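Based on the provided sequences and hints, a complete structural model is requested.
Given next are the chains, with one letter for each unit.
There are 2 protein chains.
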Amino acid sequence: MAGRKTEKANSLKITKRDEDYSRWYLDIIERAKLAEDSGVRGCMIIRPEGYAIWEKIQQTLDKMFKETGHVNAYFPMLIPVSYFSKEAEHVSGFAKECAVVTHHRLKLTEDGTIGVDTEAELAEPLVVRPTSETIIWSAYKNWIQSYRDLPILVNQWANICRWELRTRPFLRTAEFLWQEGHTAHITYEEAEVEARQILQIYKTFVEDYLAVPVFDGLKTENEKFPGADHTYTIETMTQDRRAIQVGTSHHLGTTFSHAFDVKYLSAQGTLEYPFATSWGITTRLIGAMIMAHSDDQGFVCPPRVAPLQVVGIPIYKTDDDKQTVLSKFEELQQKFKLIDKFSFRVDARESLSPGFKFNDWELKGIPLRLEIGPKDLANGSCILARRDTGEKINVPLDQLEEKIPEILDFIQKSLFKKAQEFQRQHTYFVDTYDSFKNAIEQKPGFYVVYFAGAPEDEEKIKEETKATSRCIAFSLQDNSIGKCFYTGKETSQRVIFAKAY
Amino acid sequence: MAGRKTEKANSLKITKRDEDYSRWYLDIIERAKLAEDSGVRGCMIIRPEGYAIWEKIQQTLDKMFKETGHVNAYFPMLIPVSYFSKEAEHVSGFAKECAVVTHHRLKLTEDGTIGVDTEAELAEPLVVRPTSETIIWSAYKNWIQSYRDLPILVNQWANICRWELRTRPFLRTAEFLWQEGHTAHITYEEAEVEARQILQIYKTFVEDYLAVPVFDGLKTENEKFPGADHTYTIETMTQDRRAIQVGTSHHLGTTFSHAFDVKYLSAQGTLEYPFATSWGITTRLIGAMIMAHSDDQGFVCPPRVAPLQVVGIPIYKTDDDKQTVLSKFEELQQKFKLIDKFSFRVDARESLSPGFKFNDWELKGIPLRLEIGPKDLANGSCILARRDTGEKINVPLDQLEEKIPEILDFIQKSLFKKAQEFQRQHTYFVDTYDSFKNAIEQKPGFYVVYFAGAPEDEEKIKEETKATSRCIAFSLQDNSIGKCFYTGKETSQRVIFAKAY
Chain A
1017 MAGRKTEKAN SLKITKRDED YSRWYLDIIE RAKLAEDSGV RGCMIIRPEG YAIWEKIQQT
1077 LDKMFKETGH VNAYFPMLIP VSYFSKEAEH VSGFAKECAV VTHHRLKLTE DGTIGVDTEA
1137 ELAEPLVVRP TSETIIWSAY KNWIQSYRDL PILVNQWANI CRWELRTRPF LRTAEFLWQE
1197 GHTAHITYEE AEVEARQILQ IYKTFVEDYL AVPVFDGLKT ENEKFPGADH TYTIETMTQD
1257 RRAIQVGTSH HLGTTFSHAF DVKYLSAQGT LEYPFATSWG ITTRLIGAMI MAHSDDQGFV
1317 CPPRVAPLQV VGIPIYKTDD DKQTVLSKFE ELQQKFKLID KFSFRVDARE SLSPGFKFND
1377 WELKGIPLRL EIGPKDLANG SCILARRDTG EKINVPLDQL EEKIPEILDF IQKSLFKKAQ
1437 EFQRQHTYFV DTYDSFKNAI EQKPGFYVVY FAGAPEDEEK IKEETKATSR CIAFSLQDNS
1497 IGKCFYTGKE TSQRVIFAKA Y
Chain B
1017 MAGRKTEKAN SLKITKRDED YSRWYLDIIE RAKLAEDSGV RGCMIIRPEG YAIWEKIQQT
1077 LDKMFKETGH VNAYFPMLIP VSYFSKEAEH VSGFAKECAV VTHHRLKLTE DGTIGVDTEA
1137 ELAEPLVVRP TSETIIWSAY KNWIQSYRDL PILVNQWANI CRWELRTRPF LRTAEFLWQE
1197 GHTAHITYEE AEVEARQILQ IYKTFVEDYL AVPVFDGLKT ENEKFPGADH TYTIETMTQD
1257 RRAIQVGTSH HLGTTFSHAF DVKYLSAQGT LEYPFATSWG ITTRLIGAMI MAHSDDQGFV
1317 CPPRVAPLQV VGIPIYKTDD DKQTVLSKFE ELQQKFKLID KFSFRVDARE SLSPGFKFND
1377 WELKGIPLRL EIGPKDLANG SCILARRDTG EKINVPLDQL EEKIPEILDF IQKSLFKKAQ
1437 EFQRQHTYFV DTYDSFKNAI EQKPGFYVVY FAGAPEDEEK IKEETKATSR CIAFSLQDNS
1497 IGKCFYTGKE TSQRVIFAKA Y
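Chains A and B, in that order, give the protein sequences. The first sequence begins at 1017 in my numbering and counts up one residue at a time. The second sequence begins at 1017 in my numbering and counts up one residue at a time.
Everything labelled a hint here was simulated from the structure, so no lab data went into it. One or more hints might be untrue.
Copies of one chain are not kept apart here, so a pair can be met inside one copy or by any two copies together.
Stated by the list, open to error - Pairs of lysine-lysine residues, derived as DSS-like cross-links and limited to a Cα-Cα distance of at most 30 angstroms, are as follows:
no., residue 1, residue 2
1, K1419, K1079
2, K1351, K1079
3, K1351, K1459
4, K1434, K1072
5, K1082, K1072
6, K1079, K1157
Predicted model, so just to flag it, every value in this text is computed and none were measured.
Following this line, the structure appears as structure tokens:
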């Protein structure tokens, strides 16, 4: 028993953010059991505690997609290499990092080893999808014959493979989970409305559910999706003040309808190429959320996506007290289940102290802790402890049903406000490249600049400062005119530059 | 317009079951737009109409799994070849048909072609998961240290790759979707309870939701899962009287805990190997369901998994009538949405005749059609037409809210009864191998026999008759003693043999 306690107590230690931010992030994920390394290069295991958050994300977004007329479908994961070669920009964007299936059989040798059966080589290699534009547009060729077949509003929940060199759980993994929408429209404008609508859904979801504040805007030419006409993005800031791209929505123009020769008969009897969008969010959202709210005590999970919202900790010393306290919890549990406004569980584990349990659930990021002991029962009250601030609130037992949803709602909003305030504090305005170069070294953050440079300029800026353009944020475009911080040209375009994950 | 109508009318033609059962099945899938060939060998595209059924299956089963204490997680899709070699039976069961990733980059040549970059070969090939026991048990080595860590009750929703030679949409595809449960337990008996509980969940779901009657039972040694102690299965019959395995639940004993050296410290302080189960259902369920209920007019979908349950068809000739009928539908739609007891949609497409629409929705298997015309309105009544029987029911307009759920429920039950009766009629009892050989050629079906043969005997039977043992069905074991139909040995074991998909 003692051995076990020590072991667990040790495992509670988390590197402080100030000491080593990257290590802190990995500690949080490991100790809160959100994910772990799999032994397969760059691939993580999403543990039940982490996957439950992904399920909340899926359920909520799926509902939002369906309410706006989208349906789900499923396309093959293995894509023939030749499909990729149909769109030049696209293939050069993804060819360098993909898993390629070349054989369809293993061979068992008599000495017990096992390897690829070289006689079972595929006629054409298959790529594990790094994104599905090519396979989906090859299908749309059959789906789209007439203007009556449009629009097509399809989404897919799937796994994706990109052979990243440097990986980090949730933020960048060789395999990840995502949703990818692929739509087809009669006009450029319709596709534009769709791409913008999805960006708005993403922003609403990420801010209202994950409590992660974002800048929404347009990517520069240099940073857009390979094959896109233009790309919209939402970007947030981590606690080490770097940027994370958390969702993108692309207007693809007619790139893929041309590449796959998809034409439809218009109402006027002419053959036309449809316009396309694609858009996606990934398990990276979980990483961004961990980075936004967690602290040196562990994970902090926003109530609206927390798999468990309230945990009850019984406090007692004598067996009599234990009976009384546990039966009160039993009664509350039934009541809470009936009203069904939040999720609740009692930690009735024996032989673990309340203090140990406090730490354990803090580490796991559960938003609210409900403590009840014999004295509380005598007073008809109890303690609600907030995970995010540590604040303890004394609440009459008979008011829990109203107070808990109120407090959860308050926590949700206050997490967002705190992160937003942090982002605001570390968003700077600079005029010249020199001041930018200095500043971004001294004070990492979002740098708002007037920028009218070309893709080559962005590449040079990246080389010299490791910063990239994140987005032409909608909220920053005010028609004011300034000098481009890099080229000196006059422009009204204001762009956020930052170092990114 | 005329051209379009003709085109659609032609596409309504479906091969009759009597003429060509296989072609009929493919026609149903194509015309009801459930799935289509992808151009990637053996891989299908699940179209929105088909995927919506999979979503119903997922939602319902996921709820049943969670109600029995299971949680979801996600493990990597790419499994190092060496993991497979740790369990001999398992590897030989899956090595012959798997997609192997050997490279991580493509190469673009200057002449515009694209191929594998031979310089980017992986140190160890990776197999696209054909099932996940190996990767999951390699993770469980870290998860399971103490008896307190048990049981582990984890499920995964994922895509799977098996390089099947002959494929058929839904029933057997190179890539398919499934769920796979992987549990770990302290005792053999606990694992047994789990494997049986899951089989019961599968049977309940398949019978109550898909209206597909099954025999539940044990697989013979010859047919069990590679690496399992024993395998439970549910088996159903198609309309061409062949067997389909629609779900399996395996007691894995300690095969995988031994293979991956997973040990835990017991309450008594000893090191022990945990017992395991694994269990799965796949998109094959949709194929089995199509085969069970559909007819020569098209797909028949059981109400409980139908993406759309009731379709409204307005009948009118004059513009005035159109106004009146459509506004009645509008009113009903709002009322139905409010009571939220079934899904409903009006087919208000212009310039298509009611007859055309009747055919179209019949083809798609929508359980109930609601017809309203001006005469109906005058009488205060309407017609409900059942997809399964064609029966037309006259119902007062003000009773629709009660009648529709009743009728849907009745259809659900009657589809099950019909399929069950069909299965009963084609389940035969034979005593000798000679009579079996003749009978199964003349009258395909389920053949119940006393059987005490060895795996070699089953292989011979398969060679000679193409029939395999499907299961030792629970409902057929009555302690009666008979002579094994193949070996002549006395036995109480009664087994179903049939030709399978």
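To see whether the hints hold, each was checked on the structure:
In the homo-oligomer, the alpha carbons of K1419 and K1079 lie at most 30 angstroms apart both inside one protomer (28 angstroms) and across protomers (29 angstroms), since each shortest distance falls under that limit. Taking the shortest Cα distances, K1351 and K1079 sit within 30 angstroms of each other both inside one copy (28 angstroms) and across copies (22 angstroms). For the identical chains of this complex, K1351 and K1459 are neighbours neither inside a copy (51 angstroms) nor across copies (59 angstroms), given an alpha-carbon limit of 30 angstroms. When the C-alpha separation of K1434 and K1072 is checked against a cutoff of 30 angstroms, the pair qualifies only within one copy, where the shortest distance is 23 angstroms, while the shortest distance between copies is 39 angstroms.
Taking CA atoms no more than 30 angstroms apart as the test, K1082 paired with K1072 passes in both settings, with 16 angstroms inside one copy and 14 angstroms between copies. For the identical chains of this complex, K1079 and K1157 are intra-copy neighbours only, at 28 angstroms inside a copy versus 37 angstroms across copies, given an alpha-carbon limit of 30 angstroms.
Violation of the numbered hints given earlier is confined to hint 3; every other hint is satisfied by the structure.
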